[in-house]
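For the record, the sequence lines run as chains A and B.
Those letters in the first sequence? Residues 75 to 375, per my numbering, in order.
Those letters in the second sequence? Residues 75 to 375, per my numbering, in order.
These aren't lab readings, by the way, just hints derived from the structure by calculation.
Source: prediction; values computed, not measured.
Just so you know, not all the hints are guaranteed correct.
Copies of the same chain look alike in the list, so a pair counts if it fits in one copy or across any two.
[Claimed, not checked] As a list, the in silico EDC-like pairs of lysine to aspartate or glutamate whose alpha-carbon atoms are at most 20 Å apart:
hint, residue 1, residue 2
1, LYS277, GLU347
2, LYS210, GLU276
3, LYS274, GLU128
4, LYS223, GLU178
5, LYS210, ASP233
6, LYS223, ASP299
7, LYS324, ASP245
There are 2 protein chains.
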Amino acid sequence: MNVGVIGLGLIGGSMARDLRAAGVASRVMGVDLSPTHAERALELGLVDVVMDLEEAAGTADVLLVCIPVNAIQSLLPRIMDLPGNAVVIDTGSTKSLICRSVREHPARERFVAAHPIAGTENSGPDAAISGLFAGKVNIICEPERSGKKAMEVARLVFDTLKMKTTFMDPDEHDKHVAYVSHLSHVSSFLLGQTVLDIEKDEKNIFTLAGSGFASTVRLAKSSPDMWAPIFEQNAGFLTRALEEYIAHLKRFHQCLVNRETAQMHEILSRANEIRRVLNGIELNQQKNNSQLTDIKTEHKL
Amino acid sequence: MNVGVIGLGLIGGSMARDLRAAGVASRVMGVDLSPTHAERALELGLVDVVMDLEEAAGTADVLLVCIPVNAIQSLLPRIMDLPGNAVVIDTGSTKSLICRSVREHPARERFVAAHPIAGTENSGPDAAISGLFAGKVNIICEPERSGKKAMEVARLVFDTLKMKTTFMDPDEHDKHVAYVSHLSHVSSFLLGQTVLDIEKDEKNIFTLAGSGFASTVRLAKSSPDMWAPIFEQNAGFLTRALEEYIAHLKRFHQCLVNRETAQMHEILSRANEIRRVLNGIELNQQKNNSQLTDIKTEHKL
């Protein structure tokens, strides 16, 4: 299959690696606005050739759109306008605005709206790694608007990446990821900022930071180019999530001011419930890893 | 050396393991209010024998006090009152109130106020692991109030655990850990709580949570028995840290409401600076691990 990858960063580069290794991509054509990234992707062997978008669209069997969500939203209609028969799959972390941008497009059936939930805090072609997606969840939105062929190609791509695909409504998707993913990133970015603001002498961070600090602020290393547009596109749900988080923090602050230890203990004990959920996630991922040969993609809409 | 461990959980149990393995502890006597924990510590071979506090104090060369910080504060003067010549070392995550509780005690020179900065989100005797402390930082406060013999024993203990010991004023310690450790825990506990509150149907957390969520809420699994007292004892500094964190979150919320993407991008880029600090911490820990044979304990007061 002739695979065009638009955006040669962590996601696009990692997809290229695995699709090529599995023999699914016979040729990988890379498209990137940054000549430096494009050149680096060639050097790393992520892509066979670099070309412009029009050229790639004309010859690709599938185009993977792996660029920041605001760029997906604005570029996607133009990609669908281009001559060619490629199935177009986006990988954006928000889905409502992206789905809406091509909902009435005459070629809509060639498009699949996806969100493969995988990543690290690193970015750019050098961050691309093998096996990034294995055992993780992939969300597809509005599968009923994608044609049969497009869904078959998408299934081949995500099965090859060893992902477990499930279906969600775009708004439902955006609402839940606001809490379960985007809010985590906001809390981590701002925690990093707060500590940097106070500890002007970074020696104290070096001395006193344990593994807990590193784990909590890890996401603050993530790319602003990727995350600022995600936060903006999901601002509706994310502002509400953030308001609730701030309300919880304020209640806790009040307990602290009043030295209400019993109540603090109760809050922490309830938060402890997350252990059960996290353990469930780990179990689930182990199960996925062992059942990858039998991936079931149920249609839940 | 006859070692008494008061509190047979993650910290006490892990210290017992390493001191015994290194041959520094010829006999480990365990003290715990919970008969279940005491029995489990015996079963796991963490301790040779379980006894009451008075008995342990009478025969120990060193008593390691590894209980929640509120219990240290109230019990420490009583421990120092007991007949015996044991050096007493506490391991509490706050230091001001603990130091104050025995500052004028006639046997103060037998006491060393320590904070070995290591841990996991697990607790109890089963959480005790070998090598928990290796390469990590240990803080000692008010070393000038500890006698020569006490400091020698403390040095033997923390060198055996392969820790890098440094010195700080108790208030300075508490102020910095409020930002670099305690605030991380608060943000994680309340993030867990916020997500649990909203996602009544936990299926959505299972489906959508990536590794970022797991990393950010890991600390929410920590023991409320340990952390509620830490937060209370450090309430003075922690309320300020929390206020600053909430202020940062509110500013970000405002950017989100106003769709000020450029400003959000700037905030995220500044938070990105934490990458340099975290990389420095990792480098530092690697350096510590390779230089463990030559531990320098500089007196910085």
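20 Å Cα threshold - placement of ASP233 relative to LYS210: Within one copy only: 11 Å inside, 42 Å across.
Using 20 Å as the alpha-carbon threshold, which applies to LYS223 and GLU178: within, between, both, or neither? within (19 Å within a copy, 81 Å between copies)
Using 20 Å as the alpha carbon limit, work out where LYS274 and GLU128 are close: within a copy, between copies, both or neither. neither (49 Å within a copy, 46 Å between copies)
Intra- versus inter-copy proximity for ASP245 and LYS324 (alpha-carbon distance at most 20 Å): Neither: 29 Å inside a chain and 25 Å across chains, both beyond 20 Å.
Status of GLU347 relative to LYS277 across identical chains (alpha carbons, at most 20 Å): Between copies only: 14 Å across chains, 35 Å inside a chain, cut-off 20 Å.
Have a look at LYS210 and GLU276 and pick one of within, between, both or neither, based on CA distance no larger than 20 Å. Between. Shortest inter-copy distance 17 Å satisfies the 20 Å Cα cut-off; intra-copy 36 Å does not.
Taking 20 Å as the upper bound on the Cα-Cα distance, should LYS223 and ASP299 be classified as within, between, both, or neither? neither (33 Å within a copy, 57 Å between copies)
When each numbered hint is compared with the structure, violations occur for hints 3, 6 and 7.
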